[in-house]
Amino acid sequence: MSRAAVLSCAAALLTACATPAPDPYATQTADAHAMSPYQVHEACAKLAEGDRLDWRFESLAPVDFNIHYHEGPTVVIPVQRAASLGGTGIYHVTLAHDYCAMWETGPLGTEISYRVRPIKGER
Numbered sequence: 245m246s247r248a249a250v251l252s253c254a255a256a257l258l259t260a261c262a263t264p265a266p267d268p269y270a271t272q273t274a275d276a277h278a279m280s281p282y283q284v285h286e287a288c289a290k291l292a293e294g295d296r297l298d299w300r301f302e303s304l305a306p307v308d309f310n311i312h313y314h315e316g317p318t319v320v321i322p323v324q325r326a327a328s329l330g331g332t333g334i335y336h337v338t339l340a341h342d343y344c345a346m347w348e349t350g351p352l353g354t355e356i357s358y359r360v361r362p363i364k365g366e367r
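Start counting the sequence shown at 245; every next residue gets the next number (the working numbering).
Please keep in mind that the hints were generated in silico from the structure rather than gathered at the bench. Keep in mind that a hint or two might mislead.
[To be verified] Distance windows between CB atoms, simulated: (1) Asp-342 - Glu-366: 15 to 23 Å; (2) Ala-276 - Asp-298: 19 to 27 Å; (3) Asp-275 - Gly-316: 14 to 22 Å; (4) His-314 - Ile-334: 17 to 25 Å.
For every residue, glycine included, the Cβ atom is placed at its ideal position computed from N, Cα and C.
Given the sequences, and given the hints that come with them, work out the whole structure.
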């Protein structure tokens, strides 16, 4: 086999195996996601100024919930609910960051169901 044919086959194989970049605006969901005591679970998305984050969740036992981002060593928490069994809202993004919806259980494990849907703003 010629060198050109080998390179062509190698390029075709690499292209076939390439994983497409994840959609930053893909909705993240879970149905009855099991969480152990004192466990943390996050659903994150890279959002731009003007985007929105449409969120909702339900839990069988109280959980602490927040939407946060990191500004250097500081964690900024624009949305927070303590000991909550559920909630819903739309967060309007004012600064481009990686935002995470986060749930944390207490001494009781639980199951959470959620939907976190990034919405692209007008640009």
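Status of the hints after comparison with the structure:
no.	hint	verdict
1	Asp-342 - Glu-366: 15 to 23 Å	holds (21 Å)
2	Ala-276 - Asp-298: 19 to 27 Å	holds (21 Å)
3	Asp-275 - Gly-316: 14 to 22 Å	violated (36 Å)
4	His-314 - Ile-334: 17 to 25 Å	holds (22 Å)
Hint 3 from the earlier list is the only one contradicted by this structure; the remaining hints agree with it.
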